[in-house]
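Asker: In terms of this note's numbering, the sequence shown has 460 at position 100, counting the first letter as 1, and numbering is strictly consecutive.
None of these hints come from the bench; they were simulated from the model. Just so it is clear, CB atoms sit at the ideal spot from N, CA and C, and this is done for glycine as well. Don't take every hint at face value.
Stated by the list, open to error - Label pairs and their calculated CB-CB ranges: (1) S407 with G469: 21 to 31 Å; (2) T418 with Q470: 12 to 22 Å; (3) E393 with T418: 17 to 27 Å; (4) I362 with E425: 41 to 51 Å; (5) E425 with D474: 33 to 43 Å.
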Amino acid sequence: MIKVCGVDELTPGRPTAVRVEDTQVVLALWQDEVFAVRDACPHMGQSFECGRVAPAITAAEAGAEMSVDTDTPVLMCPWHTWGYSVRDGRCTTDPRLRVRTYPTVVEDGQVFVDVGGA
Numbered sequence: 361m362i363k364v365c366g367v368d369e370l371t372p373g374r375p376t377a378v379r380v381e382d383t384q385v386v387l388a389l390w391q392d393e394v395f396a397v398r399d400a401c402p403h404m405g406q407s408f409e410c411g412r413v414a415p416a417i418t419a420a421e422a423g424a425e426m427s428v429d430t431d432t433p434v435l436m437c438p439w440h441t442w443g444y445s446v447r448d449g450r451c452t453t454d455p456r457l458r459v460r461t462y463p464t465v466v467e468d469g470q471v472f473v474d475v476g477g478a
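Make the full structure from the sequences, and use the hints.
Answerer: Below is the structure:
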């Protein structure tokens, strides 16, 4: 685990780019949890830094209402608005795509990330 920043340097719902060893990642603060995701959208390779983190929205079937899941944060790419779960990296737009996620720990107000030799 590498210390990368203080949790107070993160804005809820707004990705923050940091370098961890040789890996560029974005940190996402959502409901007092910090997530780390490789900073390259697998769709077109663009940075997530100017994107946002939002609750997952389940598309409605005919006649049904949409559902919003605030416990499932999704990182939205700013270029084409493709979404990725910050928990497991799965793309919500194209299930064939996935972005790499990394373990994080918050201790004494500091954020640590393990890129595991990525």
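Asker: Tell me, in ascending order, the numbers of any earlier hints that this structure violates.
Answerer: Violated hint (a single one): 2; every other hint is consistent with the structure.
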